[in-house]
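Chemist: Given chain A's structure and the hints, the job is docking chain B onto it.
So the protein sequences, as listed, match chains A and B. The first sequence finishes on residue 163 if you use our numbering, and the numbering steps up by one all the way, no holes. The second sequence finishes on residue 441 if you use our numbering, and the numbering steps up by one all the way, no holes.
Hints listed in this document are in silico derivations from the structure and should not be mistaken for laboratory results. Note that beta-carbon positions come from the ideal geometry of N, C-alpha and C, so glycine has one too. Misleading hints may appear alongside valid ones.
[Said to hold, decoys possible] Only pairs whose alpha carbons sit at most 20 Å apart, straight line, appear in this in silico PhoX-like list of lysine-lysine:
{"#": "1", "chain 1": "B", "residue 1": "Lys265", "chain 2": "B", "residue 2": "Lys295"}
{"#": "2", "chain 1": "B", "residue 1": "Lys295", "chain 2": "A", "residue 2": "Lys74"}
{"#": "3", "chain 1": "B", "residue 1": "Lys265", "chain 2": "B", "residue 2": "Lys178"}
{"#": "4", "chain 1": "B", "residue 1": "Lys178", "chain 2": "A", "residue 2": "Lys74"}
[What the hints assert, rightly or not] A short, non-exhaustive set of chain B residues, derived as facing chain A with CB atoms under 8 Å:
{"#": "5", "residue": "Phe159"}
{"#": "6", "residue": "Ser170"}
{"#": "7", "residue": "Val171"}
{"#": "8", "residue": "Asp177"}
{"#": "9", "residue": "Arg179"}
{"#": "10", "residue": "Arg187"}
{"#": "11", "residue": "Leu190"}
{"#": "12", "residue": "Leu199"}
{"#": "13", "residue": "Ala200"}
{"#": "14", "residue": "Val201"}
{"#": "15", "residue": "Leu279"}
{"#": "16", "residue": "Arg282"}
{"#": "17", "residue": "Arg311"}
{"#": "18", "residue": "Ile417"}
[Unchecked claim] Pairwise CB distance ranges, derived in the manner of DEER restraints:
{"#": "19", "chain 1": "B", "residue 1": "Tyr188", "chain 2": "A", "residue 2": "Thr94", "range": "35 to 41 Å"}
{"#": "20", "chain 1": "A", "residue 1": "Ile65", "chain 2": "B", "residue 2": "Ala206", "range": "25 to 31 Å"}
{"#": "21", "chain 1": "A", "residue 1": "Ile65", "chain 2": "B", "residue 2": "Pro260", "range": "45 to 51 Å"}
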Amino acid sequence: MNFARREPRWAVFFSVLVALIVQVMPLPDWLAVVRPSFLGLVIIYWGIFAPHAGGIFAPWIAGVALDVFKGDVLGQNALAIALMAYVTMTLHQRLRNQTLVQQSLFVCLMLYANEVVVWGIEGWSGHSVSSHWRWIQPMIGAMLWPFIAMLVGRTHSKN
Amino acid sequence: MAVFGSGSSRSLGGRGPSFGFRFFCYALLSVLLMFWDKRGGWLDTARYGLQAAVYPLQLAVNSPSAAWHWLEESFTTRETLQAEVDRLRGQLRDQQLITMRQAALAQENATLRGLNSLLPDVIEKRLIGEVISVEVSTLRQRLVVNRGGNNGVFKAQPVVTGTGVLGQVFRTGPFSSEIILITDAEHALPVQVLRSGVRTIALGTGRATSLELPYVPQNYDVVVGDVLVTSGLGRVFPFGLPVARVTKVERDPTQPLARIHAAPMAGIESDREVLFIWARANHPAAPATAAELAVEVPKQP
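Chain A with its partners taken away, still in its complex shape (with noise of 0.2 Å):
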């Protein structure tokens, strides 16, 4: 029984590298303005299908890892995405039971409040280079999210 319910966390490792490679991967600037947080919805996959595997813990590194990778300060993204988790993580077993679509929503407002933390402290510590883009990005991902779901269950059995 133990043995069956081993937790994937080599494919959540993996899985989270790829999405903060894709994350910070040059793009042209029109596709780079559109670009969803993948890193969100990565850690929004595991946190509803595997929440004990990576914990809060790989989803918080994660966000210092980007908060390095693009010089933002310190915290602001991890701190975002932990909270991303965490809901996440609260609601996994009601959320585990919606269709796609409905899931697709729920990820829709997760990385709304993901934009919106970001911005805020973006705001507080006077970095704030904003534009109307990073509204759209939130909609965007929630179209992905069918997509990223389907290729990231493929990386571990659920049971």
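Modeler: Same frame as chain A, now just chain B:
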């Protein structure tokens, strides 16, 4: 690792701290990090180390585009290479023509200034760095370059390309550094109009092709096509490095200030190389120090 939930504790509940408590801890840690980061101090050292930790990841992100550049270079045809060589030859000839009179001009300059000997160039040392293709943010004009503290790169060091000022070092890691471009919305650069000597400040706009000069009064002598050079004020850049060319001057008679835009001269070429420079101290063109910038206010009798 039991704290973060091992396999056996799953869905049993009550084992280990709850999500809420753990989230609270991490949130508190994040907020503390933010405060420390804002205040500077020891976290700067930690960040220096963290930069080194993410460097391999940055290289991994860079590898597809690096591989592409390599492939492109390996498979260029002879004709393309020949054309490139011809172009570079022409460029070299032009440059030689310009530098031919350089020595004579320097001598002339020294005589005019009443100096006994020639001044050495203000740029004492240079270091070539290569841009790592990492998207820092679409909204910010930043670059990551593969030279860092181990190569002697320091914070607020001027960075130029062959054509003009690119930016300055914003943050260093051991092996890499982050550069803030002069076009970043958070960057301001003291400049001087080469022709008329008007001094002002060029602000970044967040767009790669445009700088803004918002503090020039209406009646000052700035026209389209003027070349802007660094003024040597601001304690970062030495005097006389080309910065930008004025592209638009709008004078609205109802406003006290003119609206001036300029296009930066520096650009990242296909070889993706930048130059870190060290300015010679005690040189007339060196960046002004704090003592030199201090203005003595005459006492009112």
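Chemist: Output the numbers, in ascending order, of every earlier hint that fails for this structure.
Modeler: The structure breaks hints 3, 9, 12, 18; every other hint is satisfied.
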